[in-house]
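Got chain A; can you put chain B on it based on the hints?
Number of protein chains: 2
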Amino acid sequence: MQIAVVLFDRFTALDAVGPYETLGRLPDAETVFVAERAGPVRTDTGNLALTADRTLADVPAPDIVVVPGGPGQNSQMENETLLDWLRTADGTSTWTTSVCTGSLLLAAAGLLEGRRATSHWLALDFLARFGAEATGERVVTDGKYVTAAGVSSGIDMGLTLLGRIAGDDHARAVQLLTEYDPQPPYDAGSPDKAPAHLVEEFRSASRFILT
Amino acid sequence: MQIAVVLFDRFTALDAVGPYETLGRLPDAETVFVAERAGPVRTDTGNLALTADRTLADVPAPDIVVVPGGPGQNSQMENETLLDWLRTADGTSTWTTSVCTGSLLLAAAGLLEGRRATSHWLALDFLARFGAEATGERVVTDGKYVTAAGVSSGIDMGLTLLGRIAGDDHARAVQLLTEYDPQPPYDAGSPDKAPAHLVEEFRSASRFILT
Numbered sequence: 001m002q003i004a005v006v007l008f009d010r011f012t013a014l015d016a017v018g019p020y021e022t023l024g025r026l027p028d029a030e031t032v033f034v035a036e037r038a039g040p041v042r043t044d045t046g047n048l049a050l051t052a053d054r055t056l057a058d059v060p061a062p063d064i065v066v067v068p069g070g071p072g073q074n075s076q077m078e079n080e081t082l083l084d085w086l087r088t089a090d091g092t093s094t095w096t097t098s099v100c101t102g103s104l105l106l107a108a109a110g111l112l113e114g115r116r117a118t119s120h121w122l123a124l125d126f127l128a129r130f131g132a133e134a135t136g137e138r139v140v141t142d143g144k145y146v147t148a149a150g151v152s153s154g155i156d157m158g159l160t161l162l163g164r165i166a167g168d169d170h171a172r173a174v175q176l177l178t179e180y181d182p183q184p185p186y187d188a189g190s191p192d193k194a195p196a197h198l199v200e201e202f203r204s205a206s207r208f209i210l211t
Numbered sequence: 001m002q003i004a005v006v007l008f009d010r011f012t013a014l015d016a017v018g019p020y021e022t023l024g025r026l027p028d029a030e031t032v033f034v035a036e037r038a039g040p041v042r043t044d045t046g047n048l049a050l051t052a053d054r055t056l057a058d059v060p061a062p063d064i065v066v067v068p069g070g071p072g073q074n075s076q077m078e079n080e081t082l083l084d085w086l087r088t089a090d091g092t093s094t095w096t097t098s099v100c101t102g103s104l105l106l107a108a109a110g111l112l113e114g115r116r117a118t119s120h121w122l123a124l125d126f127l128a129r130f131g132a133e134a135t136g137e138r139v140v141t142d143g144k145y146v147t148a149a150g151v152s153s154g155i156d157m158g159l160t161l162l163g164r165i166a167g168d169d170h171a172r173a174v175q176l177l178t179e180y181d182p183q184p185p186y187d188a189g190s191p192d193k194a195p196a197h198l199v200e201e202f203r204s205a206s207r208f209i210l211t
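Just so you know, the sequences run in chain order A and B.
With the UniProt record's numbering, the residue at position 165 of the first sequence is 165, and numbering never jumps.
With the UniProt record's numbering, the residue at position 59 of the second sequence is 59, and numbering never jumps.
In isolation and in its complexed conformation, chain A is listed as follows (with noise of 0.2 Å):
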């Protein structure tokens, strides 16, 4: 089982990391990072940067593609050869799942048309312009499509995903071994639950940048 994680510039570190180290941890899987060129890949602070080891090109069929997301998706909303590596990747894949606006870069290859998906929760709308049904859920199952909520939530879908694939103990396994026993000190973590004022900033400011 090979599992692909597509990077590209100016990605979320955690949106990537999440499902690598949840979902990566199937039994006789074997992760590979992407990229459109192989290299360091550098992420949304410029602080960081994760190696992509291989190119799109070299892994065309992967059992699983993991797109995650981030400020540098806007960018690849074009990229003829990512979107045709997404469209041809997930013609033979098993899984084909997205963290936080990775679901953008799926819906603008037009793989998520009619089907239930989410997203980033400022990028909800966006989505929806794409035909897709976004939901605000934070893992949305739809078929073999399987999106995710902001950021943090790559680590729920990726329990989620491998509790399905590899079973329920080998999942609890995981979670234990990474210790997954969330206490955020913060009750803020979707616009539901956060102060209004910190939602409406956010969504003010994200006006100019999902267009």
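Check before you lean on any hint, since a few could be wrong.
No copy labels: a pair is met if it fits in one copy or bridges any two.
[Said to hold, decoys possible] Straight-line C-alpha distance at most 25 Å; calculated SDA-like pairs for lysine to any residue:
no. : residue 1 : residue 2
1   : 144       : 165
2   : 144       : 83
3   : 144       : 185
4   : 193       : 182
5   : 144       : 169
6   : 193       : 183
7   : 193       : 204
8   : 193       : 170
9   : 193       : 25
10  : 144       : 133
11  : 193       : 94
12  : 193       : 1
13  : 193       : 165
14  : 193       : 163
Simulated from the structure, these hints should not be mistaken for lab results.
On a predicted model such as this, the values are computed, not experimentally measured, just so you know.
Structure of chain B alone, referenced to chain A:
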């Protein structure tokens, strides 16, 4: 404000990326990934490398030190280059922190003697042998030392310290943007909650590792 995240061969990626993605969003802070040698550093799975942009020697006096853990920590316990750097950096740091078995490296450097601290649940006994008061809590603050439990707990640690330094509202904003509203599909993230047979299996296996 400078945040140094220390990398070493076979660290666990999420240990480092959790604090980077939360604490690293401190206003006016620069996060720097450092290692003995600059360049790509492989994680415990071998399938991913993060780039250390600077050497330890390049970054002698960060304001915040973050030490991740992972299987590779064992090979660093007598690495005097790293331990000396930790002691020196700690001499001027405002906060010295760890995730997972990273606390064993702080302890090996002599920094946790007589202090309350935590670690991965499988490493708590080992931590106590260094004279730390090992607790099973998820995030432990003792003076300027902030230690977190296994792997994913670095997210909670990062938000906790972020709130302490930059205020609750800023930490809530980062929680909202990273959509950290955890909904694990299982409730097996700690030895108190996971099925007993899994806990026992890992305890037995770890006896050969942590000695």
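Taking the hints in turn, this is what the structure says about them:
1. When the C-alpha separation of residue 144 and residue 165 is checked against a cutoff of 25 Å, the pair qualifies only within one copy, where the shortest distance is 12 Å, while the shortest distance between copies is 43 Å.
2. Taking identical chains as interchangeable, the C-alpha atoms of residue 144 and residue 83 lie at most 25 Å apart only when both belong to the same chain, with a minimum of 18 Å there against 48 Å between chains.
3. Within a single copy, residue 144 and residue 185 get their C-alpha atoms only as close as 35 Å, which misses the 25 Å cut-off; across copies the closest is 18 Å, which meets it.
4. Taking the shortest alpha-carbon separations for residue 193 and residue 182, both the intra-copy value of 16 Å and the inter-copy value of 12 Å come in at or below 25 Å.
5. Taking CA atoms no more than 25 Å apart as the test, residue 144 paired with residue 169 passes inside one copy only; the shortest distance there is 22 Å, against 38 Å between copies.
6. Both within a single protomer and between protomers do residue 193 and residue 183 lie at most 25 Å apart by alpha-carbon distance, with minima of 15 Å and 14 Å respectively.
7. Within a single copy, residue 193 and residue 204 get their C-alpha atoms as close as 18 Å, which meets the 25 Å cut-off; across copies the closest is 41 Å, which misses it.
8. Taking the shortest Cα distances, residue 193 and residue 170 sit within 25 Å of each other only across copies (15 Å), while inside one copy they are farther apart (32 Å).
9. In this assembly of identical chains, residue 193 and residue 25 lie within 25 Å of each other by CA distance solely across copies; the values are 20 Å between and 32 Å within a copy.
10. In this assembly of identical chains, residue 144 and residue 133 lie within 25 Å of each other by CA distance solely inside one copy; the values are 15 Å within and 48 Å between copies.
11. In the homo-oligomer, the alpha carbons of residue 193 and residue 94 never lie at most 25 Å apart, since the shortest distance is 35 Å inside one protomer and 32 Å across protomers.
12. Taking the shortest Cα distances, residue 193 and residue 1 never come within 25 Å of each other, neither inside one copy (38 Å) nor across copies (30 Å).
13. Within a single copy, residue 193 and residue 165 get their C-alpha atoms only as close as 32 Å, which misses the 25 Å cut-off; across copies the closest is 22 Å, which meets it.
14. In this homomeric assembly, residue 193 and residue 163 come within 25 Å of each other (Cα to Cα) only across copies, at 17 Å, whereas the closest approach inside a single copy is 28 Å.
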